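Trainee: Letter by letter, the chains look like this.
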Amino acid sequence: MNTKKAKYGLNSVSLMLSLTLTGMELKNPLILAAGVMGTTGGSLKRIADNGAGAVVTKSLGIEPSGGHSNPSMVEVDCGYLNAMGLPNPSYKNFQQEIDIPRAQVPVIASIFGGCALDFSEIAGILDVDAFELNVSCPHAHGYGAYIGTDPDLVEDITKAVKAATDAPVWVKLTPNVTDITRIGLAAQRGGADAVVAINTVRGMAIDIDSGYPVLGNRFGGLSGRAIKPVAIKCVYDLYDALKIPVIGVGGISDWKDAIEFIMAGARGIEVGSAVGNNINVFKDISLGMEAFLVEKEWTLDDIYGMAHKL
Amino acid sequence: MKPVNVVITKIVEETPSIRTFFFNLSFESEPGQFVMAWIRGVDEIPMALSRDNAITVQKVGPATTSLFKLREGDSMGIRGPFGNGFRIKGNNILLVAGGVGAAPLSPLAEKARLQGLKVTTLLGAKTKEELVFRERFEAAGKVMVATDDGTAGKHGYVTQLIDGEDYGQIYCCGPEIMMKKVLDTVRPEKSQFSLHRYIKCGIGICGACCMDGLRVCKDGPVFTGEILKRSEFGLYRRNECGEKVKIQ
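Heads up: the protein sequence lines correspond to chains R and B, in order. Following the numbering used here, the numbering of the first sequence begins with 1 at its first residue and continues without gaps. Following the numbering used here, the numbering of the second sequence begins with 1001 at its first residue and continues without gaps.
Honestly, the hints are just simulated from the structure, not real lab data. No experiment lies behind these values; they were computed from the predicted model shown. Don't be surprised by glycine CBs; every beta carbon is placed ideally from N, CA and C. Please note: incorrect hints may appear among the correct ones.
Said to hold, decoys possible - Where chain B lies over chain R, by a calculated footprint (3+ residues, C-beta under 8 angstroms):
# : stretch
1 : 63-70
2 : 205-213
Unchecked claim - Looking from chain R toward chain B, a few residues come up when the C-beta cut is under 10 angstroms (computed):
#  : residue
3  : Val36
4  : Ser43
5  : Glu75
6  : Asn82
7  : Asn93
8  : Asn176
9  : Gly276
10 : Gly288
11 : Lys296
Stated by the list, open to error - Straight-line distance between alpha carbons at most 20 angstroms, and here's what the computed PhoX-like set of lysine-lysine pairs gives:
#  : chain 1 : residue 1 : chain 2 : residue 2
12 : R       : Lys283    : R       : Lys27
13 : B       : Lys1059   : B       : Lys1126
14 : B       : Lys1246   : R       : Lys92
15 : B       : Lys1244   : R       : Lys92
16 : B       : Lys1126   : B       : Lys1089
17 : R       : Lys243    : R       : Lys159
Chain B with its partners taken away, still in its complex shape (with noise of 0.2 angstroms):
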């Protein structure tokens, strides 16, 4: 498909690094997908749907930038929802979140709840004020928060809070190197990982987001952490020359 005009009814600041950008349009799509969010004359940049008419984007670069410039009543281009989703299991699941991966999990929470499983979430940030979606969470289930600084919840990092419970899903999304973190201390079989690679042609055909054989943008972006334990995750990530770049 050709990318379909939106035209950005609100702007959010969920933090003073993240903001959440609505739509006039919906997308029927499952938790997890993404959309290439087209700032036009600019870049087209792969972002989560955090809600069905809404993505949620932290500036960290020129293209992020450029978007954060657009004000309510502008419009830009939107190609998707893409890739697979998180597949919902068992009664009662844990996610994950560190940082903006809050974006992709929190319409799972709310999708969840409303199946009736037990939701509960731990929630990751630098600091207190670079926490999201907080109260989403909160109203889905029991949160429990970590930030780097102990300015809120427990002074640490998110994968410190996970506890032996026998969750029936682990869903994860956050920096690489933490949900490396998660997949070395949960059980593989029974977690997913929503991953962020650098992506081009969005569609599974250019191969620009592979990691090892695996499509990011096709095959994922959510995969199972037994289908991770035998990739490259957590080790190397590819640029946007398709070089290898150690993750740190």
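Looking at chain R on its own, in the form it has when it is part of the complex (with noise of 0.2 angstroms):
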């Protein structure tokens, strides 16, 4: 027998794909993406029965907003847009939602604010595995990628919340912009344990049959299967720019697409749209992985990166 398949026997499968994620101990490297079934304890506790390594949570604010008017999310040709203009009930109120999944999986509070001050009153109130930083959601005026776009404000909010918390910190970028690095590199010398590309990409969508804009916000963030070679483009970037981890998003929905991402240089991945038509994809996705490893012989570490060597 050889000796990685030796290494991997039966009983020790599902070690495959374990690993340390800023200091986080995932039993897989899949995790649920920001904004996606995840307002409720419950619904974050489904996705962690459903095979995920980690949950985020729905973006949290200062105080509740009941989001942008609906249409606040369609499906398009090639992915979905939506503009849900980050609805939250507020961090004040969720503690005990966060509890519930944090008995399974680490939990990751994505959090967003207008200012530095906002975002460090959070980090300093909840108690999560990790923060991940909003600065990228592209159609919440004030909030999001207006804050993302600028490398310094990217950085001292980075720092205010490093200041604010002992959890590692994790900062989404938006792809709108000319230059990812840039505001990864602003990530990571704010103190950001990584960073988490891509959020979704800009778009619109206009009904011809009256010539109305389709979302409530008029445009919005496409996600799904469009936008993943973006996406891998962002970590492959990423991955050589920065010293700290790179976790993929953007347009996963099978193993070969978190194959792909880790490749690029993906340490995490997450998973967003492709739960609506399959609640069991993390389950999915890790088998399909597994199966893989198994079959090429190699561990999570021989492909991380792979595409930079070669």
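Each chain sits in its own coordinate frame; assemble them with the hints.
Mentor: The structure is reproduced here in structure tokens:
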């Protein structure tokens, strides 16, 4: 028997995908992306039950908000367009939701704000395994990408959050910039433990029967299959530019997508829109990745950033 | 899918507060499935299909008020049908409808009747003139009526009409507090309920409509009593922010 196959004998198959990511022990690198099934403890727990290695909450702000008017998410030919508008019950009402899935998997709180003080207020109070700073939502005026396209603001906010908490801090980046590595480097200077790339790509759809923009907010962000090559390139560039790990997200719906992201340089992988059509997507991706690694006689470490070495 | 354009071909005033909007297009659907109805420039709201080509709407808020301003010949956008539908089981079924909750149950009554099932309907409303689809249910089988003010049928709640007969399956739609009473009265494993929640995406992604971990838009809107017994059904719903709101 081959030594690598022996190393991953039947009993240890479930350990094949385990890793340490920014100090957190994960059973696999697959993480529920922010904004998907993340508003209730029950929905986060369901995703944990269905095989995710960790879960990210809906983005939480200072005050409760209902978000933009509907339609706030529609399927288009090549993916999904959304402009939810950061609806959330506020971090003040959310600790009890976080604690429900946290019994099983690490829980990362996605947080947003209009300034560094907002972010540090939330990070100073919530008890979670890590924070993901949403400086990349493309359709919430004054929030998200309004901040995340400015390297100085990203650095300041990251610093402020790092000062407010001992938990690892991930910074989620917008692809709607000329050079994503400039923002990634700013996050790293601010002390980020990882960056997450990418948030949605700005987009819009118009109803040709009436001329109305389809989304209630008129424009929004594109997710799903269409943005995968965009995300792969961003992850590839960030891996080269940064010392901190990159977590890949954007259009991942099966194990092949996940492997591709790891080869581009992603340490972890977030899955979002694909949950809609397949609530078991995390289990399916894990099984597919394990089978692939066994077949190829590779480990996760072997394929991490592989495309850079060839 | 992006919204499909439909033209309103006919508007029927079912009651002073409830209207049926007929479309120029039919949607292949199971009774109990819903569509996202887009009143352009205003909002998009989940609505049960009361026929393959119609939704039946109660005027309750800004979006439905805008919908009530539309006239025959006007158009709107429709996404769907979404979610699951009622599963027809047994030979002898009971429908329990409260107010506009009759909308998704009316096509179920007709489909079950066509399949030769015995259909009994308990139809409730606040007052006589708010009873919806009485004639459609009567065409499908026996109907018993209850009104809160006693202007038709039993003076009281529709839940008080439930008898001890052993129905193969019980189907229920109406205000949640009424559905909770039904759930507490019947055998959970022989009952199905159509739920109403605040829905945003309609396609199982955003999680805004989650009741515990269940997506009302994708795993529902129809759930068995057994599943609901173990959930926050009848206790809490979530508002548009995701905050818990007590059902009352």
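Trainee: Each hint needs a verdict: does it hold in this structure or not?
Mentor: Here's how the hints hold up against the structure:
For a cut-off of 8 angstroms, the count of residues in the stretch 63-70 of chain R with a CB near a CB of chain B stands at 6, and the three-residue condition holds. Remark: the stretch 205-213 of chain R is confirmed as covered by chain B, as 5 of its residues place a Cβ nearer than 8 angstroms to a Cβ of that chain, reaching the required three. The beta carbon of Val36/R is positioned within 10 angstroms of a beta carbon in chain B (closest approach about 6 angstroms), and the interface hint is therefore held. The interface hint given for Ser43/R holds, since its Cβ lies 4 angstroms from the closest Cβ of chain B, which is under the 10 angstroms cut-off.
With a least beta-carbon distance of about 5 angstroms to chain B, the hint placing Glu75/R at the interface is held under the 10 angstroms criterion. A hinted interface residue such as Asn82/R counts as satisfied when its beta carbon comes closer than 10 angstroms to some beta carbon of chain B; here the least separation is about 7 angstroms, so the hint holds. Given the 10 angstroms rule on beta carbons, the hint for Asn93/R holds: about 6 angstroms separates it from the nearest Cβ of chain B. Nearest Cβ of chain B to the Cβ of Asn176/R: about 21 angstroms, over the 10 angstroms cut. The hint is violated.
Annotation: interface hint on Gly276/R holds; nearest CB of chain B at approximately 4 angstroms, less than 10 angstroms. For Gly288/R, the interface hint is violated, since its Cβ never comes within 10 angstroms of a Cβ in chain B; the closest pair sits about 21 angstroms apart. The beta carbon of Lys296/R is not positioned within 10 angstroms of any beta carbon in chain B (closest approach about 32 angstroms), and the interface hint is therefore violated. About 12 angstroms separates the Cα atoms of Lys283/R and Lys27/R, which keeps this hinted pair within 20 angstroms; it holds.
With a C-alpha separation of about 15 angstroms, the suggested pairing of Lys1059/B with Lys1126/B holds against the 20 angstroms cut-off. Taking the CA atoms of Lys1246/B and Lys92/R, the gap is near 18 angstroms; set against the 20 angstroms cutoff, the hint holds. About 13 angstroms separates the Cα atoms of Lys1244/B and Lys92/R, which keeps this hinted pair within 20 angstroms; it holds. With a C-alpha separation of about 30 angstroms, the suggested pair Lys1126/B and Lys1089/B falls outside the 20 angstroms cut-off, and the hint is violated.
Between the alpha carbons of Lys243/R and Lys159/R the distance comes to roughly 17 angstroms, so the proposed pair stays at or under 20 angstroms and holds.
Checked against the numbered hints above, the structure breaks hints 8, 10, 11, 16 and satisfies the rest.
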